[in-house]
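Top to bottom, those sequences are chains A and B. Numbering (our numbering) for the first sequence: 792 to 1107. Numbering (our numbering) for the second sequence: 768 to 1015.
Hint data in this document are derived by calculation from the structure and do not stem from the laboratory. Just so you know, not all the hints are guaranteed correct.
What the hints assert, rightly or not - When the alpha-carbon atoms are kept at most 25 Å apart in a straight line, the in silico BS3-like pairs for lysine-lysine are as follows:
hint	chain 1	residue 1	chain 2	residue 2
1	B	LYS957	B	LYS998
2	A	LYS1027	B	LYS957
3	B	LYS858	B	LYS986
4	A	LYS1027	B	LYS777
5	A	LYS936	B	LYS890
6	B	LYS890	A	LYS1011
Unchecked claim - Cβ-Cβ distance ranges computed for the label pairs, FRET-style:
hint	chain 1	residue 1	chain 2	residue 2	range
7	B	GLY817	A	ASN935	37 to 43 Å
8	B	ASP929	A	ASN935	44 to 50 Å
9	A	PHE863	B	ASP954	42 to 48 Å
10	A	GLU1021	B	ASP954	37 to 43 Å
From a predicted model like this one, the values you see are computed outputs, not experimental measurements. Ideal Cβ positions, reconstructed from N, Cα and C, are used throughout, including at glycine.
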Amino acid sequence: MNPALSVIFFTTASGAGYGMLVTLGLAALLGQLPQHLWFSLVTMVVALGLITAGLLSSTFHLGHPERAWRAFSQWRSSWLSREGIMAVATYMPALGFGLAWAFPNLITVPLGIVGVGAALFALGTIYTTAMIYRSLKPIHQWHNKHVVGCYLVLGVMTGAVFVLALSSLFGQRIVYLTPICGLLLAAGLSVKWLYWAFIDSTTASSTPASAVGLSGPNVKVTSVEWPHTEANYVMKEMGFQVARKHATRLRQIAIWAGFLLPAIALETSILLPADLGTWLTIPAALVMAIGIVAERWLFFAQAKHTVTLYYGAGTA
Amino acid sequence: MTSLPAKTDKKLGLVIDLDTCVGCQACVTNCKEWNTSGHMAPLTDLMAYGAEADGVWFNRVHTYEVAGHEACGASSSRTMHFPRSCLHCEKPDCVTVCPTGASYKRASDGIVLVNEDLCIGCKLCSWACPYGAREFDVFEGVMKKCTLCVDRIYNENLAEEDRVPACVLTCPTSARHFGDLGDPNSDVSKLVKARGGADLMPELGYQPTNKYLPPRARKDTAAAMPAPELKPIATDGLLGWVDRLLSR
């Protein structure tokens, strides 16, 4: 599948933003969220900024962005519609939580309860995003049980590491957040590893023969001639080839930058003196962001649509 | 409404004979001709005469080499032409994934259509179609697809014999057939039954309405028609002598 930058940015940025809401909401529930005006304001602006920038970016690839509001109507059948509704609905508890956290004297609501509400809506939004891909039967690399877990874990993981880096920046501390981030990075690498092992060892059940309706144990169908000399929409959108060449190297980048280097940096930050160690969390978060963008680029680029079977692909 | 109708009154669709299709592209051309001013008009072309010609087409004809099939007979393989267009599935995920209600399946005849005024151009429906039947119009910013010539088949301005999809009307080898596949007594249903008409990618569960007739088994026992054996053209006289001389 063509890895459109707008969709890669949307899934990574808004995933991290929703992951931040999950982290903050759970920290509030456990009473571990420090009260600090600038930390709370900047963290909420970053979280909602990532979410909003991601959502806006996802509308850039629409043919008619001015009609985007129509996408809220078909929640009965469409995961994309459900995602739109969840994304907008999450703003309410998220804004309420942010205001209650930043201005506890003005707004007296139980922070933990609002926080859990925001966290649940955020998780729900990541889930609906993942289900858009999970539900597409023509794409074997998306239509499998690993996809939803990957999106949920990577969203919470990136969000937690971002919250950790911001707390360091403001000299604040959320108890156990560093080791929790380490565990999330380990979990993230594990689910992604399982996903890669799955797509490396399996192919779609559809074949070039089943694509043209022929069956039989020895039937072999080979493409001789395409219907068109130049790439058409279907080939440009669903026949993306570049990743195959660089897949191994990009996967190494994703593994090291997305998971291993940030984990090593966080381990080191625990061992170092507090002043020095906290600063390591900021480069850890930035390196992780690069790695997760590479991971998401691969998620699209390595996805093979069954329509490629019509154009000479042996498997999909 | 992108929820699917529980049942459609008719299942209008195409039956395509892969035995007789010669890959002449006439169906492709007549489809473009009719539909570029039809229900989903225009079928935009970009750089039509340039190096990177691109455009919207509802029907594409591929050519394959098929081996290991009874249609090959004693030969190792045979050529098979394969027209690919919307199959108007009974379980079309392209409709259910649509977030706006622009895509829909008609309860009356099962035709899958796009309301271009509601389409936001998110392209998700084209991802959800395993067959690559939907093509995005970058110029108009909306998704386009085969309408089964909904503006021909009910069109009372056309002579009755012309009320069939443009691709069917034009096929010079009669490889394309149109009718109600929900009616077991229709000509198309009988044809599918007689020839073992098949679904494309049945394993995905989209339950296509359109059926494809596999190429027929090739008979390698055709009557021998050898040319008569050559006989000496003359046995005596001057010509006989020349014949003997040259045959030496």
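Each hint, compared with the structure:
1. LYS957/B with LYS998/B: Not OK: LYS957/B and LYS998/B at ~53 Å, beyond 25 Å, violated.
2. LYS1027/A with LYS957/B: 39 Å, violated
3. LYS858/B with LYS986/B: 38 Å, violated
4. LYS1027/A with LYS777/B: The hint is violated at about 35 Å.
5. LYS936/A with LYS890/B: 24 Å, holds
6. LYS890/B with LYS1011/A: Given pair LYS890/B, LYS1011/A is violated - Cα atoms ~32 Å apart, limit 25 Å.
7. GLY817/B with ASN935/A: 37 to 43 Å: 41 Å, holds
8. ASP929/B with ASN935/A: 44 to 50 Å: 48 Å, holds
9. PHE863/A with ASP954/B: 42 to 48 Å: Holds, since PHE863/A and ASP954/B (Cβ atoms, about 45 Å apart) stay within the stated range.
10. GLU1021/A with ASP954/B: 37 to 43 Å: 38 Å, holds
Checked against the numbered hints listed earlier, the structure breaks hints 1, 2, 3, 4, 6; every other hint is satisfied.
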